[in-house]
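There are 2 protein chains.
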Amino acid sequence: MAQQARAIKTRRAILEAAATVFAERGYERTTIGEILVRAGVTKGALYFHFASKEDLALGVLDAQMLDEPMSPQPIKLQELADQAFLLGHRLQRDPLVRASVALALDSGATGVDRAAPFKAWIDQVSEILTVAKTRGEILGHVDVSDTAELFSGAYAGIQTMSQILRDRNDLNHRVSVLLRYLLPSICTPALLTGLRLNEDRAEQLAAEYDASQSRREEQ
Amino acid sequence: MAQQARAIKTRRAILEAAATVFAERGYERTTIGEILVRAGVTKGALYFHFASKEDLALGVLDAQMLDEPMSPQPIKLQELADQAFLLGHRLQRDPLVRASVALALDSGATGVDRAAPFKAWIDQVSEILTVAKTRGEILGHVDVSDTAELFSGAYAGIQTMSQILRDRNDLNHRVSVLLRYLLPSICTPALLTGLRLNEDRAEQLAAEYDASQSRREEQ
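Which chain is which? The protein sequence lines are A and B, in order. Mapped onto full-length UniProt numbering, the consecutive letters of the first sequence carry residue numbers 1 to 219. Mapped onto full-length UniProt numbering, the consecutive letters of the second sequence carry residue numbers 1 to 219.
What the hints contain is simulated information worked out from the structure, not anything from laboratory work. Quick reminder that beta carbons are idealized off the backbone N, C-alpha and C, glycines included. A hint or two may mislead.
[Claimed, not checked] Which residues of chain A face chain B? A partial, calculated answer using Cβ under 7 Å: (1) Ala51; (2) Ala115; (3) Asp146; (4) Met161; (5) Ile164; (6) Val177.
Bound conformation, chain A alone (with noise of 0.2 Å):
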């Protein structure tokens, strides 16, 4: 067990130099002897874990994804909501998920799937808007593929927005923003006042995911 968190942890440095080594230097030109250097592991340690620079990309778009399954909800599309609060928060607190963001709207990164990630939010954001159509929570014209390619896509440049213009301070207001102005055409109105889209959720939410975090990082 102490060998697997010692595996976890290695794996998470090699994958934050990258990051790093990425945003400074591009991910074209970085070469991999850059990223052995910064995360000052073997050569044998980093191949243990990926097998080549494009891996290494992968694992670094893959870290804004959430690495637990979110808190069931009552009210199914109140999911959607928490996970974009959620990643607000992961956006603010983790220099990696930051990186994985960045990659993954770094026009310059030509040699990367910069798809992946925008695939699997829609897929996250599909599952949890058919749920909730299945449930009876969703407006009749509501096309599930359309609204959850909208709902990412729109997310992605609110957080670009909030990092060029605040610094992301702003981000937990602008998501509320966006989930105000966007479930009022998706949520049958009768269920509108049983969400929870305010500001005071975020903080909530974030609150819960540290103290989650601690446990984890102490056993």
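Starting from the known structure of chain A, fit chain B onto it as the hints suggest.
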């Protein structure tokens, strides 16, 4: 007049060269010398139009804004939709507009004021919303500033996603989805049916824009 037309052409050629080199090399690593070679103009010609590399970047960033006013519409909120469709068309048609948006979203370009184009779009959207509000087109709870920022940020994200997933071929559809899901939270219901938010509106505006550009080039 012929001289002025030549100057406009030279300025445009320099901006296109700068945009191409920024995209290939990254803004930070680009030198004025590289832009000179690419544009095939003299140092004197370049410095006649642009004082520095940063000035060139500002010129590229500015290229995403429309250089002629939009046609006024009976329902003011239609202009919000028209602006969004028209930018979509210009992104599909004009490499300089694409380069402009790419530079604004390039997180490696630390020496450039990437906030400028976001602020310019937010201002334009705010102006439309403010007029729409005085005309009673807008629901009472709508916050103009929040909505303008949401719309600009969400647009930036959906065009990035469209670029990554479909090479921008589905951009008209995505813009239409954004408008159709967002405007019911903004616009008074009685006016909604008067708005044209579908892809045929995008096609009509594109044809009008292309015709107007052709006329200007002939002159």
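Checking hints one by one. Is Asp146(A) an interface residue toward chain B, by the C-beta closer than 7 Å rule?
holds, 5 Å
Should the hint that Ala51(A) touches chain B count as held when the rule is a Cβ pair under 7 Å?
violated, 24 Å
Interface hint check: Ala115(A), Cβ to nearest Cβ on chain B, cutoff 7 Å. Holds or violated?
Holds, about 5 Å.
Would the hint on Ile164(A) stand, with a C-beta cut-off of 7 Å toward chain B?
holds, 5 Å
Measuring from the C-beta of Met161(A) to each C-beta in chain B, is the shortest one below 7 Å?
holds, 4 Å
Status of the Val177(A) interface restraint (C-beta, 7 Å, chain B):
holds, 5 Å
Checked against the numbered hints above, the structure breaks only hint 1 and satisfies the rest.
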